[in-house]
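Asker: From just these sequences and the hints, can you work out the full model?
There are 2 protein chains.
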Amino acid sequence: MLIIIIKDMKTLFKNARILKMTDENIIIGHLLVKDDRIAYIGSELPEDKDIDEIIDCDGNLLMPGFKNAHTHSAMSFLRSKTDDHTLQDWLFNVVLPREALLQPGDVYELAKISFLEYLSGGITACFDMYYSPLESAKAAEEMGMRITLCGTYNKDFDMVKKLYRELNEKDGLVRYCLCVHAEYTLGEGELENIVDACHELHAPFFAHISETETEVKECIAKRGMTPVAYFEKMGAFDYGGGGYHCCWFTDEDIQIFKRHNCSVVTCPGSNTKLASGIAPICKYLENGINVAIGTDGPASNNSLDMFKEMTLTYALQKVTLRDPTALPAFELLKMATVNGAKAIGLKDCDTLEVGKKADIIEIDLKQPNMQPINNIINNIVYSGTKENVILTMINGKILYRDGKYLINEDISSIYEKCAKIGERIEKGLLDK
Amino acid sequence: MLIIIIKDMKTLFKNARILKMTDENIIIGHLLVKDDRIAYIGSELPEDKDIDEIIDCDGNLLMPGFKNAHTHSAMSFLRSKTDDHTLQDWLFNVVLPREALLQPGDVYELAKISFLEYLSGGITACFDMYYSPLESAKAAEEMGMRITLCGTYNKDFDMVKKLYRELNEKDGLVRYCLCVHAEYTLGEGELENIVDACHELHAPFFAHISETETEVKECIAKRGMTPVAYFEKMGAFDYGGGGYHCCWFTDEDIQIFKRHNCSVVTCPGSNTKLASGIAPICKYLENGINVAIGTDGPASNNSLDMFKEMTLTYALQKVTLRDPTALPAFELLKMATVNGAKAIGLKDCDTLEVGKKADIIEIDLKQPNMQPINNIINNIVYSGTKENVILTMINGKILYRDGKYLINEDISSIYEKCAKIGERIEKGLLDK
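These protein sequence lines map, in sequence, to chains X and W.
In this text, residue positions in the first sequence follow my numbering: the first is 1, and each later residue adds one.
In this text, residue positions in the second sequence follow my numbering: the first is 1001, and each later residue adds one.
Treat the hints as calculated values from the structure; they're not laboratory data.
These numbers were taken from a predicted model, which means no experiment stands behind them.
Think of the CB as a built atom: it goes at the ideal place given N, C-alpha and C, for glycine as much as any other residue.
Treat the hints with care, as some may be off.
What the hints assert, rightly or not - Quick list of in silico lysine-lysine cross-link-like pairs, DSS-like style, CA-CA up to 27 Å:
(1) W:K1138 / X:K366
(2) W:K1420 / X:K14
(3) X:K366 / W:K1417
(4) W:K1366 / X:K138
(5) X:K417 / W:K1366
(6) X:K397 / W:K1366
(7) X:K366 / W:K1397
(8) X:K366 / W:K1404
(9) X:K397 / X:K417
Unchecked claim - Looking from chain W toward chain X, a few residues come up when the C-beta cut is under 8 Å (computed):
(10) T1311
(11) Q1367
(12) N1375
Answerer: Spelled out as C-alpha cells, the structure:
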C-alpha cells in the first residue's frame, strides 16, 4: 500500500459561509487550513502565499463535521440481514451466530464500508464499540478517519490501561476509552477491573445503558437498582463518562448523570427500528445533561446518517411531547456536533476556530432542499440530507469531495472483500 | 422558451436489476423505453436497432418512481420561516399573512424549487394542493413533472368540473381531482357543491382529514360526528377518495374508509414536526385500507424526501407498537410507490411493466449505505437516502441524472426568482 505523507499542506476555503458552532452566527469569509489545523478565519483573504489548494465555496457553508457518538462500524456485514425481527431473535438467532464466525482481519475490512458512509455524510469522528478494536483503528488510520475505540471486548486489563495511556497521549486519529458492553452482559469481576482502571487513569466510563425496559426491570430484580444506579454504586462514573441509548432513565438516574457530568448518547434510528423505546431527550437537556447522537451500528439502524438521526430525534420529541416548539433546530445541530465531541472527549475538533483540528464539512446550499436561504441552520436540520455534504475534511485532509473518496484504496475492492467475508460466514453457518 | 419535441425516442437501460413492484422479486436484465412507455423488459437484449440512448446500469436497480401523495409544492418560499412554532402560531401568524401577499405568477415560480427536489429524490408524481393550481400545472408541464391538482381553492364549480373532464381525458402529465381543504375551513355550500360535482363526474373526493385531535373534537362538538363521518354523511365518499394526514381516526372512521375504498395518505414528517399526532398505520393496513405517503409541503416538513417519510413511517409504528416486526420493508416501499399511485388515481405509471408509462428511477447500489447487497429492498428502506437516486425518468424523459437537472431552465435562475418573491413578501409585511 502506498502511504503519501504530505507536510505543511495549506488549503484555503474561500467565499464561504462559516458556522463555527460556538454560537448560531454564520460569518461570511475565508478559512485557511495549515497541516491538520485551522490557521485562519476572517473576512479578508489571508496573506499566506504558498497555498497548495484553493477551494472556492461560492457561498456554501463550512461547519464542523458530525460526531457519531455511538456505533459498531464493523457490523456492516449484517446490514439488511437482521431486519423486522424481535430483539431477542435479532441478537441470538441472527447476530451472535454470525459474529462467532468472524476471523482475524475481518473487522479491519468490514469497518471500512462504514467509514466510507461516514465520509459521504459528513461524519468526521466515531465512538466505536466492537470486537478487535485495533483492527478498526488500523482501518481508520489508513483511511484518515477519526475514531475513539471502546476497549470493551478486551479482557486483558493491563493491555486496556496501556492502550488508554498510549493512544490518548499520542493525540492522533485514534483515541481510546474505557467501557463495558452493558450491565446485563458483565462477566465475573469485569466491572470491578474496569472501574479500577478508570480510577487509576482518572478515565470516564461508558456502556450501553437502559436501552430496553426489560434491561432495567431485570437489573432492578437482580440488583435492587437500575443499571445507572448500579454503575454509580460501583464507582464507574467517578470520572464521568456516559451511556449509549438511555431510553428508560428514572428521575434518579437523571440526577446521577447530572451529578457525574455524564453524557447521554441517543440512538433513535436503532431504538425505533428495534422498538426499544423513546429516550426523553428534552428532559435530559432541561436537567443540563450533555446529549449527543449516535447512529448505532449498520445491523440495527441500518444507516449511518446523522441527518436521519437528527430527524428522528426532533420528530420523536415534538410528537410525543405534543409540542412543536420542543427541541429547536440549533439544539439538534449542537447534539450532532459539539455535544458529540464533548461526549467522546474530543476537545480539539469540536468547533471551527483558529488552532482547532480541521474536521470540516462543506454543505451545498445550491441543492433545492436548501433553498430558499431563509435560515441555514433550520435548512440543515429540517430539510437537509447527506446529499448536501459535498466535502469532508478530517485532520486537514480532504477525504471526500463531490461524491468521490480521496483515499488510497479502490472502493469496489472494499465492497468485494466485505461481500466475501459475508459469504464465508453464511457458508460457515450452513456447514454447522 | 424553447420547447423541444422529441418523437419516437428510444432509451435502453441495460445490465440492470429490475424491481417491477408487482411483487418483491428483482430480475436481472434490460429495460427498453419507447417514447413515454416501457416497451420491453427481459433477460436478453431487445432486438430494436435504432436506440437513441443506452444507459449501462452496471447492476444498479431500476424501480418505479416514488409517488408523493400529498404536498403543497409552491409553499417553498416558507421553508425554514415557520419552524418550532405552535400550529396556531404557524398558521395564523406566519403562513397566512404571507400567503395573502402572493401575486399571480408566483405559484408558477415557487413550485419549481419543489419539483427539482422531487426529481433529485426520485419522486415522479405529486398530488398537489395549493392556490392557483393551474400555475403549478404550467410549471410541471414545462419541467416534465407529473402532477395531480387538487381543485380546492377554485370556487367556480363549473370550471372545476370542466377542468376535471378536460385534464383527465387528456391523459397528460397533469391530472385533476376534486377536494376541499378540510372540514374546519368549509365555506357556505362549498361541500355540497363539490359533492354534487363528485356525483356528476363519478369522481373521488379528498381533503385534509383528522390531522389534529382538536380538529376532530371541534367537529364532534359542532356537528355531532367526526370529520370522516360528516363527509360520508354528505355523500363525499360515494365514489371513493381519501384523506391527507388521518392521525386521529376512530374505529368507525376506519370502517367508513374501508366501506368506500378510500385511501389514507400519511404525512409523518409534517405530523411530527407540527406535533399533530401519529397515524395508526398498521391498524389501517390490517383493515385493508390503501395507505400512501405524502411529504406535505416545504413549510411544514420541511423536506420533500420519500426516504425520510419511509423512515418516519416505520420508526413511529415499530416504536409505538413496541413491535420491531411491524411494517416490514416491502410494505413501506409499496406505500411509497404503488399505493401512492392508487391513491392519486395513476393507473398507468405504478409499476415497471411493458405498456406502462416510463416513470423510472435508478438506485445506485455502489454507494456504501447500499453495501453489502444482502437484501436490496431492505437496503433501500432502512439505509437508503435520496443520494442513492442517480436517475429520474418521467414519461420516458430523463429529467435528472448524476446530480444534474436535464430541464430547459437554469437552476440558479429558479432560485433567484423564488428568493425575490420571498423578499417582496417580507417587504410587503413590513410595509403593512
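Asker: Looking back at the hints listed earlier, which ones does the structure fail to meet?
Answerer: Checked against the structure, no hint fails, so every one of them is satisfied.
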